Amino acid sequence: MTPRRFPSRLILAAGLALVIAGLGWLVFVVAGSRTGMQLLPGANGTVGSFIEESPRLGIDDVSRLSRDRWQPWDGRDYLKSPHGGVLWMRVTLRNPSSETQTGVLADSEYFTDWVEAWLPGDAGGANWSHRFAGEARPGAQKAIWSRTAAFLVSVPAGAERVIYLRATDHYYAYLRLHWWPRAEDFFAAQTRELLAEVMCLGGLLALVLYNLALWARLRFPDTGYYVGYAASAGGFNFVSNGGLAWLGLPAGSPAKEMLVVATLATSGVFLVQFTRTFLDSPASAARADRLLVWLRRGLVALLCGVPLMPWMTGLGWLAATILTLTVTHVALLTVALLAWRRGMGQARFFIAAFGLLFLGALPAVVTWLLGDILAGAARGLLAGSLLEMLLLSFAVADRFARLQRERAEAQQRLVEEAEQRRAMQEAYADELRLEVDERTRELQTANADKDRMLTLLGHDLRSPLTAMTQTAEQLRRPGESSSPAQLFAGEVADAGRQMLLLIEDVVLWSRLRVGDTPTRGWHDAGLVVNQAVRLHRAQADRRHVEIALTLTPGHAVQTDLVLAQALLRNLVGNAVKFARTRVTVRVERAGDAMRYTVCDDGPGLPPAVLERLRTGGATGEERGFGLRLCREIAASLGVMIAVGSLPGGGTELGIALPARVASKPPMEVQP
92 MTPRRFPSRL ILAAGLALVI AGLGWLVFVV AGSRTGMQLL PGANGTVGSF
142 IEESPRLGID DVSRLSRDRW QPWDGRDYLK SPHGGVLWMR VTLRNPSSET
192 QTGVLADSEY FTDWVEAWLP GDAGGANWSH RFAGEARPGA QKAIWSRTAA
242 FLVSVPAGAE RVIYLRATDH YYAYLRLHWW PRAEDFFAAQ TRELLAEVMC
292 LGGLLALVLY NLALWARLRF PDTGYYVGYA ASAGGFNFVS NGGLAWLGLP
342 AGSPAKEMLV VATLATSGVF LVQFTRTFLD SPASAARADR LLVWLRRGLV
392 ALLCGVPLMP WMTGLGWLAA TILTLTVTHV ALLTVALLAW RRGMGQARFF
442 IAAFGLLFLG ALPAVVTWLL GDILAGAARG LLAGSLLEML LLSFAVADRF
492 ARLQRERAEA QQRLVEEAEQ RRAMQEAYAD ELRLEVDERT RELQTANADK
542 DRMLTLLGHD LRSPLTAMTQ TAEQLRRPGE SSSPAQLFAG EVADAGRQML
592 LLIEDVVLWS RLRVGDTPTR GWHDAGLVVN QAVRLHRAQA DRRHVEIALT
642 LTPGHAVQTD LVLAQALLRN LVGNAVKFAR TRVTVRVERA GDAMRYTVCD
692 DGPGLPPAVL ERLRTGGATG EERGFGLRLC REIAASLGVM IAVGSLPGGG
742 TELGIALPAR VASKPPMEVQ P
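The sequence shown lines up with residues 92 to 762 when you count with the numbering used here.
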């Protein structure tokens, strides 16, 4: 399947133009509308200011000041207090209309920490209404829940109203007062601003989340740096545009300036790393890259100096951060131009992104030159940042699309190579199949010859061993066991019996390997175990081990008698081999089966051996033929060997065979 290619330049340019137009309309038309606002001073009111160098005066003292102590404000500059000083303002609002005006006296900015207002009561000033605002105030304590300092004021028809304001800040108090004769117009403007900024910040958040998901999936370093840049730049725009105040959180100086510097410096560090990694500036522009490294170090130093800002007397640290970040953007633009000249197509997104950021900053420069409000400049920076991050996100998406195309082409080449290999494999498949079949037949023939040889050897060795064992038993006469000759004859007879049992086990194992089907029939339950106990009685006596047999008579079991006897013989032999003083063999009814249990009081089998007996697998190195034969006999009979360890030491092994009540007495008595 051929992947869809990245949109053409025309479609991309048209879409970007629509986004720019939409953001411009949203930020400068919708949010920038000031319908209903009246500038101060003017026909509707005057403003006078008074600087109190040390905060000692109260509202009664200030209200009694003579008019010549108040400096008239012409509205062309900001009302500003010196560092550490207090700014008092005397605002006179006039209402020439015939109706009472209930409006809002508000600051156009949101940078002053503490703003207090005193409105005279009905007694003409004897009782003051004290209200609060400012960035350092929680939203619940403000006269109007807003990021700006705003106070609801009622001016009677044909009269005037005098309001006193007091402003203080950790650094400098800046205010530019406006009058909204209709409170509805003020709240509508606030709603438009909030809506526009929420949409811009929502777009930033969407870019961050999308690229974060992309980074979590692909783990590209440059995508991670972009996520860090977008998140920190979004944090800067949120804090600088008074987002904390909208949430009702206090954000006065120097905490707000510290957050602004921290987010600005962090965004610069991530942006430098993103550009260096994405454009490979160490290789494409080595000299400019060295400058980027030094700028990154400078931003890190500015970030480390943030905790010292409460002890600084001015905003020089913030100005240094803005200057360093501006130089950084110019250097990044230079690196992008150099990379574009060298044929790197993704660099065009960086050039467009930085151009849009400068375009977003241009209204801020114009408004500052015209002395207009700083809030509009901040919204312009927000729009420019959003467009910049959108273009950088396009760069990441273009890179991802290019990688997808390269991956698809590589997969296509792999498919073609796989098809060639498949054709070659099919060419050799018949030859390989014939060779495998031939080798399989040879191995099967060799295995069958081996099994037949074991069977023949077992039969050929059984006759001389039987004769030797019988002769040794005849030479051993009862009552003369202390004679060396008698002892030797007894040992020879015992060894012969053990050899005969081993040969019988080998022959039985070869039968199982060939795949002989067990011959099942009904046999007395005692016949299965009596032979095993009798064969190992002499060996147990020599080891001073007692064999105790407990048998429930009158039952028959369905099994292959030879295989079952061999299985019990090996279990009893293993118990006698490891027992200290006693081996217990129990044959008892358990539901529809007879359970054969062999217990010993020895040290117990190793855990690995017990596990092999439980699972029927062959893990690790085999240490004996008997246990392996037990597993194969149990598998042939279709039973499981129950394995357990006794509390006082020792091992318990057992099997269960289908049983019924015997119809006639057994042919062999218990030993």
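Worth double-checking, as some hints may not be accurate.
What the hints assert, rightly or not - Cβ-Cβ distance ranges computed for the label pairs, FRET-style:
1) Leu130 with Pro312: 36 to 42 Å
2) Glu702 with Ala307: 27 to 33 Å
3) Ser245 with Gly149: 20 to 26 Å
4) Gly739 with Leu523: 55 to 61 Å
5) Pro644 with Thr531: 47 to 53 Å
6) Ala392 with Gln232: 34 to 40 Å
7) Glu275 with Ala248: 15 to 21 Å
Just so you know, the hints here were simulated from the structure itself, not pulled from any lab data. Note that this is a predicted model, so its numbers are computed, not measured. Cβ coordinates follow ideal geometry from the N, Cα and C atoms, glycine included.
Hint check results:
no.	hint	verdict
1	Leu130 with Pro312: 36 to 42 Å	52 Å, violated
2	Glu702 with Ala307: 27 to 33 Å	43 Å, violated
3	Ser245 with Gly149: 20 to 26 Å	24 Å, holds
4	Gly739 with Leu523: 55 to 61 Å	60 Å, holds
5	Pro644 with Thr531: 47 to 53 Å	51 Å, holds
6	Ala392 with Gln232: 34 to 40 Å	38 Å, holds
7	Glu275 with Ala248: 15 to 21 Å	18 Å, holds
Comparing the model with each numbered hint stated earlier shows that hints 1, 2 do not hold.
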